[in-house]
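Chemist: So you can see what is in the structure, the chains are spelled out below.
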Amino acid sequence: MSETAAALEVSGLNHAFGERKVLQGVGFAVRPGDFTVLLGLNGAGKTTLFALITRLFHSNTGKISVYGHDIRREPSLALARMGVVFQQSTLDLDLSVAQNMAYHAALHGMAAGEARKRIDAELGRTGLSSRAKDHARLLSGGQRRRVELARALLHNPGLLLLDEPTVGLDIESRRSLLAHVRALCAERGLGVLWATHLIDEADENSRVIVLHKGVVLADGRVPDVVAASGAKDLRGAFDTLTAATAAAAS
Amino acid sequence: MTLVQYARCLTGIIKREALRWLQQRGRFVSALVRPLVWLAIFAAGFHFVLGVSIIPPYETYVPYEVYIAPGLLAMIQLFNGMQSSLSMVYDREMGSMKTLMVSPFPRWFLLLSKLLAGVAVSVVQCYIFLAIAWFWEIDPPLWGYVAVLPALVLSGLMLGALGLVLSSFIKQLENFAGVMNFVIFPMFFASSALYPLWRVKESSLTLWWICQVNPFSSATELIRFALYLEFEWQSAAVLAGFTLVFMVLAVIGYDPGRGLISRRAGAE
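For the record, the sequence lines run as chains A and B.
Take the first sequence: its letters are residues 1 to 250, numbered as in my numbering.
Take the second sequence: its letters are residues 1001 to 1268, numbered as in my numbering.
Relax, there's no trap hidden among the hints.
Not close to chain B: a few residues of chain A, all C-beta gaps over 10 Å, as computed:
| hint | residue |
| --- | --- |
| 1 | 139 |
| 2 | 176 |
| 3 | 183 |
Pairs of lysine-lysine residues, derived as PhoX-like cross-links and limited to a Cα-Cα distance of at most 25 Å, are as follows:
| hint | chain 1 | residue 1 | chain 2 | residue 2 |
| --- | --- | --- | --- | --- |
| 4 | A | 21 | A | 63 |
| 5 | A | 133 | B | 1098 |
| 6 | B | 1015 | A | 117 |
| 7 | A | 63 | B | 1098 |
| 8 | A | 133 | A | 117 |
| 9 | A | 213 | A | 232 |
| 10 | B | 1015 | A | 133 |
| 11 | A | 21 | A | 213 |
| 12 | A | 63 | A | 213 |
| 13 | B | 1015 | B | 1098 |
| 14 | B | 1098 | A | 21 |
Hint data in this document are derived by calculation from the structure and do not stem from the laboratory.
For every residue, glycine included, the Cβ atom is placed at its ideal position computed from N, Cα and C.
Could you build the full structure based on these sequences and the hints that come with them?
Modeler: Next comes the structure, spelled out in structure tokens:
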């Protein structure tokens, strides 16, 4: 599939759990090299959106494609291009860091030799080479997150999804993780979708998608979204947008 | 994905299961101690109470320990299947199940690999048990140790597939106690593992029928006959049928469109 295709394209996505509508007409695209912040409060539908993109379950209606591969029709090709860091840690705490990563490499069909090289390279990049043989249980929260990031990059994905990756991290770990992913985005041309409820994680250079109660309220560069809302900054813009929805609903 | 990549994925999943089994010492020890307790204490206690007449595949009167050994092998696999199921529910609650599910390989293959990994671990446990049981004079013919391998694989597949189905239905880890009460104990006790079924028939025809249709009886009998170099085709057919049904149910249970996973997510 051509590299000019969007890293991630979501269109007309609706999802409901029984009567409860969680996502309504969600659509956006993430291009290669884009650092896109998906901003929303808890319960906005971010995790459901991630579960649909990663095919943990299917959407009721709508389409999701990764580098042009439809997640329903070509799940293997779509998932092979995707690296994911879930909100909840998914490391196996009984295994060592290297064993966790080797397991991930096997799940992508990588040869053992190639996997070892990639594990060394990615752990080196995150400064955790010396912890490769340690049990994941012995790592701090920030270190576990970095390992998960290194693991998500092991198979050289073109799209990186991170669902609230900084939850529970201290300020320094948060800053360093954010800087690391931004650098990856610039160096490797990765399309990144970074879900968060923390407004300060979207800087002036980011693209932001505001998701509120399952609906996309704004999508664009941070300065453009701020200007369109008439607010002074992104926090103000977020408040204005969500207040307008609340007023319309009442 | 090429065949070689499929093989790498399968190997990786088996390796992870083996590492977890070795590193969780409690699980490792209890898997061995449980059947040995039955053999060393229960069987010794009932040695003089229960007489076992000459029934196939045995050609002579056998001590009670010898009679229950195949049932204990099946019990190892039953517990292992339920343990795998428990670990999948745990993985799902802890999130590590997602790592498996976002692999680009087809979901049926991932579930089958997970199942085979559990079977591999259970077969190793069975052979360790057989080695220790030799000291209790449970000494089938030498070739019986080889012949029992396919029987152990088939019974392990059936019980592991049942575990997979249960893991897709169980909502939370806490519900697992119910599995002990409603699956493990009834399956084990309503079977030919501890007593020959002709004895059960004498006391209750209904219970005899339940024991007959219980696939755990088939697992026990297939293992029993294989240990003495005989093939019990009826048990093999029953096990193959149940394995297929359970596997199809597990694939449906983990299907992103139809499965219970997606319906359950709404409640979270």
